[in-house]
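K.L.:
Listed below, chain by chain, are the residues.
2 protein chains.
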Amino acid sequence: MKQARIVLVNTSHPGNIGAAARAMKNMGQSDLCLVDPQRYPSAEATARASGADDLLARAKCFGTLNGAIADAVLVIGTSARSRSLPLPMLDPRACAKLVYEQPDTKTVAILFGRERTGLSNEELDRCHYLVQIPSNPEYSSLNIAAAVQIIVYELSLLAGDPVNAGQTEIDYATAQQMEQFYDHLEETLVELEFLDPVNPKQLMRRLRRLFGRTRPDQNEINILRGILTAMNKKCS
Amino acid sequence: MKQARIVLVNTSHPGNIGAAARAMKNMGQSDLCLVDPQRYPSAEATARASGADDLLARAKCFGTLNGAIADAVLVIGTSARSRSLPLPMLDPRACAKLVYEQPDTKTVAILFGRERTGLSNEELDRCHYLVQIPSNPEYSSLNIAAAVQIIVYELSLLAGDPVNAGQTEIDYATAQQMEQFYDHLEETLVELEFLDPVNPKQLMRRLRRLFGRTRPDQNEINILRGILTAMNKKCS
Chain A
1 MKQARIVLVN TSHPGNIGAA ARAMKNMGQS DLCLVDPQRY PSAEATARAS
51 GADDLLARAK CFGTLNGAIA DAVLVIGTSA RSRSLPLPML DPRACAKLVY
101 EQPDTKTVAI LFGRERTGLS NEELDRCHYL VQIPSNPEYS SLNIAAAVQI
151 IVYELSLLAG DPVNAGQTEI DYATAQQMEQ FYDHLEETLV ELEFLDPVNP
201 KQLMRRLRRL FGRTRPDQNE INILRGILTA MNKKCS
Chain B
1001 MKQARIVLVN TSHPGNIGAA ARAMKNMGQS DLCLVDPQRY PSAEATARAS
1051 GADDLLARAK CFGTLNGAIA DAVLVIGTSA RSRSLPLPML DPRACAKLVY
1101 EQPDTKTVAI LFGRERTGLS NEELDRCHYL VQIPSNPEYS SLNIAAAVQI
1151 IVYELSLLAG DPVNAGQTEI DYATAQQMEQ FYDHLEETLV ELEFLDPVNP
1201 KQLMRRLRRL FGRTRPDQNE INILRGILTA MNKKCS
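Protein chains in written order, with the working numbering: chain A, 1 to 236; chain B, 1001 to 1236.
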């Protein structure tokens, strides 16, 4: 089974973590990451995981999202609402297809936000795509484990589909490399007095979307960093 | 939304009833029937139903399966195991298609059995079809609410495509604007001595690919041009 990292961000209810682990194992997934869970470990998580407690035991826990996605080359956020974000939108089937198109050696992360408020804008800024589960417009917010269930179910349906095998391997920049690039870009824009650190507005967020969408490979991220370095030298 | 009656048979855990109601409402379903639930009503069911407590309030409760399916013209049982039963098997997608093929005036019932033991042989004898959710052969038993979620999700997908509705129209940069941007970028890179005009190699081609892929909108192309202009001022 093609693996995707399932990242649960700041989950309130431990029962949802257990139920998500069970949903994953039912569909042949095993890479569970928890970011700052509000109550965990917990007997309730273990009870709801049922026979999938081995996934819970192996789940990696991080204080911030950075650690959970550092090595990911593709980050997909889940969202109940149509947000006014210019991120490309996927439905769960297209999401599964995109995951399958990535080389097996690369990490793909799918993020699930808080029960009440979902993912923050800062977290969404780390995403290349949003996946939205089609739902009743008058009651659109799925339980987290239910959302995980649908996403991993769609992944499972593509298992063994020969159409999706043998994709060319692109050596994408990792999430960590992208963060280093954004830090460098921000410093340079301040140096250029294009970005006012006292009143930064939405500039970095907009640039994140722009460069996040294009998914630079290793060569391209090196070019971009090289341009910034040339600029730093010239201006100093 | 095409309706199917979701029948939960002899459910042990009231939380599962609540979670199933929520899954149904999320996907636009509203006809919930309970057959001999072991603990119900229950505060746990109401809590897990979250905003779908109206479905619980309207759920019909029966002592035996007979009452719950009396008016159904098509009865589909869910099963985790491949049983040696001479019933036609469906996957969730084929199940949804079959439901949609029934006239709207007719009742279709989908049965979900007990947490540990599923549907009894007597109950399976009442079914026209079995639907099986494909799952990990080593851990195949889904939580009841998770199974309901997948079945109603597949039903919802046949009702049009809400995810694709109301996509915001993006005001992409024109080809001419992109050319102007590339000219400006090239001049700036020469000024920075990052690009050698005598030996330009593949640099501009690579940058064209990078920015071409991301398809900047009007706002983004203005930001990029603004950064270049800030750089020109600083370096001159």
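Be a bit skeptical, because a hint or two may be false.
[What the hints assert, rightly or not] For lysine-lysine, the following BS3-like pairs were computed, each having C-alpha atoms within a straight-line distance of at most 30 Å:
#, chain 1, residue 1, chain 2, residue 2
1, B, 1106, A, 2
2, A, 234, B, 1002
3, B, 1201, A, 233
4, B, 1234, A, 201
5, A, 201, A, 233
6, A, 60, A, 2
7, B, 1106, B, 1060
8, B, 1106, B, 1002
9, B, 1002, A, 201
10, B, 1233, A, 97
11, A, 106, A, 201
12, A, 97, B, 1060
13, A, 201, A, 234
14, B, 1106, A, 234
15, A, 106, A, 60
[Unchecked claim] Coverage of chain A stretches by chain B, computed from C-beta distances (three or more under 8 Å per stretch; other residues unrestricted):
#, stretch
16, 3 to 10
17, 149 to 158
18, 197 to 210
Source of the hints: derived by calculation from the structure; they are not laboratory data.
Beta carbons are placed, not taken as given, at the ideal position from N, Cα and C, and that holds for glycine.
K.L.:
Could you run down the list of hints and mark each one as holding or not?
P.N.:
Going down the list of hints, with the structure as the test:
1. B:1106 with A:2: violated (40 Å)
2. A:234 with B:1002: The hint is violated at about 65 Å.
3. B:1201 with A:233: holds (22 Å)
4. B:1234 with A:201: Roughly 22 Å between the alpha carbons, so the hint for residue 1234 (chain B) and residue 201 (chain A) holds.
5. A:201 with A:233: Holds, at roughly 26 Å.
6. A:60 with A:2: holds (19 Å)
7. B:1106 with B:1060: Answer holds: residue 1106 (chain B) to residue 1060 (chain B) is near 18 Å, not above 30 Å.
8. B:1106 with B:1002: holds (11 Å)
9. B:1002 with A:201: With a Cα-Cα distance of about 46 Å, the restraint between residue 1002 (chain B) and residue 201 (chain A) is violated, given a limit of 30 Å.
10. B:1233 with A:97: violated (46 Å)
11. A:106 with A:201: violated (34 Å)
12. A:97 with B:1060: Not satisfied, since the Cα-Cα distance of roughly 40 Å exceeds 30 Å.
13. A:201 with A:234: holds (26 Å)
14. B:1106 with A:234: violated (76 Å)
15. A:106 with A:60: It holds: about 18 Å lies between the C-alpha atoms, which stays within 30 Å.
16. 3 to 10: violated (count 0)
17. 149 to 158: holds (count 5)
18. 197 to 210: It holds: at least three residues are needed, and the stretch 197 to 210 of chain A offers 5 whose Cβ sits within less than 8 Å of chain B.
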